[in-house]
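> Given the coordinates of chain V, work out where chain C should sit on it, guided by the hints.
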Amino acid sequence: MGEGAELTIIASGDELPRMGPPVIPGLDFVPVGQSRRIESVNGVTHATSSVTYEVTPRQAGTYVISGLGPGMPALTLKVDAGGVNGSSSGGANSSAAGSAGSGGGASGAGNAPNAGNTSNAGNPSIPLPPGATQMSANGAAFVRLRLPTHELYVGQSVPVDIEVGTRDGVVASLNGTPTLNGDAFTLDKLSPQPDRRSEESIGGKPYTVFTWHSVLAAVKPGVLSLTMQTPLTVRVQTQRPGAQFLDDSNLADLFNDPAFQGFFGGSTERDITVSSPPANFTVLELPAEGKPKDFSGAVGKFTLSAELSEHQVTEGDPVTLRMRVSGEGNFDRVSSPTLGSVENWKTYQPTAKFTSADNTEYRGDKTFDEPLVATAPGKQTLPSLSFSYFDPDAHRYETLHSAPLTVDVAAAPATAPPRAEQTASAAAAASMPPASMPAAASKAHADGLRPDHAPSNSYGNSIVPLYFQPAYLSVPTLVILAFPGAWAWLRRRERRGQQRSDVTRTVAPGWLVGQLERTAASGDASGFFHAARSGVQSALATRWQVPPEAVNLATVNARLGAESDVRRLFAVADEAIYSGRRFARSELENWKGVVVRTMHEETVS
Amino acid sequence: MNAVTTTATPRSAGAQAALLLLAAVTYGWIGIAAAASANQSVATEHSAAFLYNAANAYARRGNVGLAVLYYERARVLAPNDPDIAANLEHVRAAAGLPIQAGSWFENHTRLGNPNVLFWCGVAGLALLAMGTLVLRFNGRQRRDRRRLGLVAAIAGAPLCMVAIVDCLSTMPLLHEAVMLRAGPARVSPVPGGDALFTLPAGQVVWVTDHYQDYKLIETDAGRSGWVAADDIAPVT
Numbered sequence: 067m068g069e070g071a072e073l074t075i076i077a078s079g080d081e082l083p084r085m086g087p088p089v090i091p092g093l094d095f096v097p098v099g100q101s102r103r104i105e106s107v108n109g110v111t112h113a114t115s116s117v118t119y120e121v122t123p124r125q126a127g128t129y130v131i132s133g134l135g136p137g138m139p140a141l142t143l144k145v146d147a148g149g150v151n152g153s154s155s156g157g158a159n160s161s162a163a164g165s166a167g168s169g170g171g172a173s174g175a176g177n178a179p180n181a182g183n184t185s186n187a188g189n190p191s192i193p194l195p196p197g198a199t200q201m202s203a204n205g206a207a208f209v210r211l212r213l214p215t216h217e218l219y220v221g222q223s224v225p226v227d228i229e230v231g232t233r234d235g236v237v238a239s240l241n242g243t244p245t246l247n248g249d250a251f252t253l254d255k256l257s258p259q260p261d262r263r264s265e266e267s268i269g270g271k272p273y274t275v276f277t278w279h280s281v282l283a284a285v286k287p288g289v290l291s292l293t294m295q296t297p298l299t300v301r302v303q304t305q306r307p308g309a310q311f312l313d314d315s316n317l318a319d320l321f322n323d324p325a326f327q328g329f330f331g332g333s334t335e336r337d338i339t340v341s342s343p344p345a346n347f348t349v350l351e352l353p354a355e356g357k358p359k360d361f362s363g364a365v366g367k368f369t370l371s372a373e374l375s376e377h378q379v380t381e382g383d384p385v386t387l388r389m390r391v392s393g394e395g396n397f398d399r400v401s402s403p404t405l406g407s408v409e410n411w412k413t414y415q416p417t418a419k420f421t422s423a424d425n426t427e428y429r430g431d432k433t434f435d436e437p438l439v440a441t442a443p444g445k446q447t448l449p450s451l452s453f454s455y456f457d458p459d460a461h462r463y464e465t466l467h468s469a470p471l472t473v474d475v476a477a478a479p480a481t482a483p484p485r486a487e488q489t490a491s492a493a494a495a496a497s498m499p500p501a502s503m504p505a506a507a508s509k510a511h512a513d514g515l516r517p518d519h520a521p522s523n524s525y526g527n528s529i530v531p532l533y534f535q536p537a538y539l540s541v542p543t544l545v546i547l548a549f550p551g552a553w554a555w556l557r558r559r560e561r562r563g564q565q566r567s568d569v570t571r572t573v574a575p576g577w578l579v580g581q582l583e584r585t586a587a588s589g590d591a592s593g594f595f596h597a598a599r600s601g602v603q604s605a606l607a608t609r610w611q612v613p614p615e616a617v618n619l620a621t622v623n624a625r626l627g628a629e630s631d632v633r634r635l636f637a638v639a640d641e642a643i644y645s646g647r648r649f650a651r652s653e654l655e656n657w658k659g660v661v662v663r664t665m666h667e668e669t670v671s
Numbered sequence: 013m014n015a016v017t018t019t020a021t022p023r024s025a026g027a028q029a030a031l032l033l034l035a036a037v038t039y040g041w042i043g044i045a046a047a048a049s050a051n052q053s054v055a056t057e058h059s060a061a062f063l064y065n066a067a068n069a070y071a072r073r074g075n076v077g078l079a080v081l082y083y084e085r086a087r088v089l090a091p092n093d094p095d096i097a098a099n100l101e102h103v104r105a106a107a108g109l110p111i112q113a114g115s116w117f118e119n120h121t122r123l124g125n126p127n128v129l130f131w132c133g134v135a136g137l138a139l140l141a142m143g144t145l146v147l148r149f150n151g152r153q154r155r156d157r158r159r160l161g162l163v164a165a166i167a168g169a170p171l172c173m174v175a176i177v178d179c180l181s182t183m184p185l186l187h188e189a190v191m192l193r194a195g196p197a198r199v200s201p202v203p204g205g206d207a208l209f210t211l212p213a214g215q216v217v218w219v220t221d222h223y224q225d226y227k228l229i230e231t232d233a234g235r236s237g238w239v240a241a242d243d244i245a246p247v248t
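Which chain is which? The protein sequence lines are V and C, in order. According to the working numbering, the first sequence is numbered sequentially starting from 67. According to the working numbering, the second sequence is numbered sequentially starting from 13.
Think of the hints as simulated: they come from the structure by calculation, not from any bench. You may find that some hints are simply not true.
Said to hold, decoys possible - Where chain C lies over chain V, by a calculated footprint (3+ residues, C-beta under 8 Å):
1. 248 to 256
2. 454 to 468
3. 547 to 556
Quick reminder that beta carbons are idealized off the backbone N, C-alpha and C, glycines included.
So here's chain V without its partners, still in its complex pose:
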């Protein structure tokens, strides 16, 4: 009692809705001001109009101020013997402006001496630490952070509200989104426009607070600090001539009012950057102790569930296993709980989809749809799935397990088994949303994608080209190795063939051997010995470098001796030719051996 409160009704748009002051028994509303403001936030212009009432209670109690306008929440005003406290009802922010031109809001601020720096702004679930609001040098703006905790683990994501407060009439425009200073943290990308606008009175001066919601994560351990900064344009007072003569404080306030300054051209615009006070963090390393093998870096609080699209299928038909990880944390590190290789099941790579429960993607659920194909009939059981994460509140790793799932698989009809390609395509299609499945082919061009291809007969056992698979690389290697081997073998065969033919040519010419054999077979001793003597004569003539006629009995006797086989051959040959002596077949064979041996000796010697 004995104090007043201020009620400001703000409407987005060009005009304030026509309305009179609220009529609440026990409260007096006196209009004290009306304003219209045009703001530029990252190039987008917002127009707001407001009207302010001085609220004076006539008696202590709790008052509900409603009927302020369409869509505006009710306000609760408590008046006790010590002062006035205003708040909005229903948890709604009293200054949340609706869509341009139609929505509106109201804020109430007590004028009590310790009404505080803030009122009805920001996220009440995240407390504002002391000293978080630090004005820029001229009090035109501030940047501050609302964080749920100042102790983090590496990789842990925490929601953060980044608030930029601008003094009404002083800040001309925001020229960009707040940015992070320092490389020890990562901040999810901010939208160009703030997620929320609110009004706030600090030190009795009105501020418009723009709030961005985002997620902050630390990338390295240690005691770290961060600041945020944002660029904006402010109006700076120019020196007024004769200002030093304005001793009256009321007059000084009037002339120093930004609206007055702006109206009379007594200010100029200047680009500045406003930073938040440093926020300190203790960033802890994730403990190595107790780290599960399947831990993929997820930090937060999660739950796991699994379900099947069908519980009764026919062998060869696809069924989708949907695994859902829900909760809050860094969902970008939540990987698929793997099913791995399961007996009687053919598994495919799952697809992932994240559905965020808020606009920061801090809360939500991530689903993994894994197509499966049963390869055997009967009651088949899929084992439980596991997912591990680190709980930063409990300071330990947690592993979740889903319940095993059973499916009744009916035997396939006794027809040709479906081709693998068809099964795979069906499995891929099974992972699609049901609504999109029948439309997939027809809307092929509508979604900008060219249509699917017909199954082909060319398969590979791996995506790795055969050039780089050792098993297949051995084939050309074998050909390359076989080539010089075959070359060497053929070359050796060729040389051996040449040697053999040389020997045959010098030792026993084919025609001579053939003639000896023919005459021996026919019992023609005269012909046999004639051929034998001629052959030996030729061989000896070649060796002795004399004409063949010079090789006779006397020459042979002189050179080889009276006991040589050649001399005896010559003697027997004369006897057979001139006397007509008959020889047995065996004798002729022996003489043939003598001829061949003699010619061989001739060649070797």
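Below, chain C without anything else, positioned relative to chain V:
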């Protein structure tokens, strides 16, 4: 002694035996490998059509990372398929991914399915080897075999060259990978490593090294950093 004309019978038999052996070995291996490939393929199903259809399914679901990965995999087996190239380009453009230029050599020397070209190269190598052997060891005596050997060598040489060129242009694919989800590239391969830049899902990178659960990648623009191995998948 009179000159004796030797017949070519021993050399001809040897050459024929060698050629038959070579052919038997080559085609035996080809048959074994093809049979093994056919048997295994039923269980794994890597075909350009399957990969392309799977990529389309992922693209329709909005999973850019897996869509690009499967398009890239399909393009390995069918590098000149216009549908794969068009859909890949569409998905990349819709996701705001940079245009993947590729070198002139990569763009102009991918002639077809590398597995088909591999077998063409093997057949060409065998033809070249057999033709050379026939020319060297049989061609002097038999004009018809000389002609046969010449034809085999001439047919085999270009097949070998095509396979070698395709092998060289396919080699970079061994190091190609796709970002399955957006993630930071860090200065060091540890969870706390400073983030250098963020790679979007579907970005194609080249893996140059690895350390534990991290891979050192390089982008088309020449930037490099360490990425969590779970965030990327190799194309081959």
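> With a C-beta cutoff of 8 Å, work out whether three or more residues of the stretch 248 to 256 of chain V approach chain C closely enough for the coverage to hold.
holds (count 3)
> Report holds or violated for chain C covering the stretch 547 to 556 of chain V, Cβ cut-off 8 Å, minimum 3 residues.
holds (count 6)
> In terms of beta carbon proximity below 8 Å, does the stretch 454 to 468 of chain V have 3 or more residues touching chain C?
With 0 residues closer than 8 Å to chain C, the stretch 454 to 468 of chain V misses the three-residue bar; violated.
The structure is inconsistent with hint 2 alone, although it conforms to all the rest.
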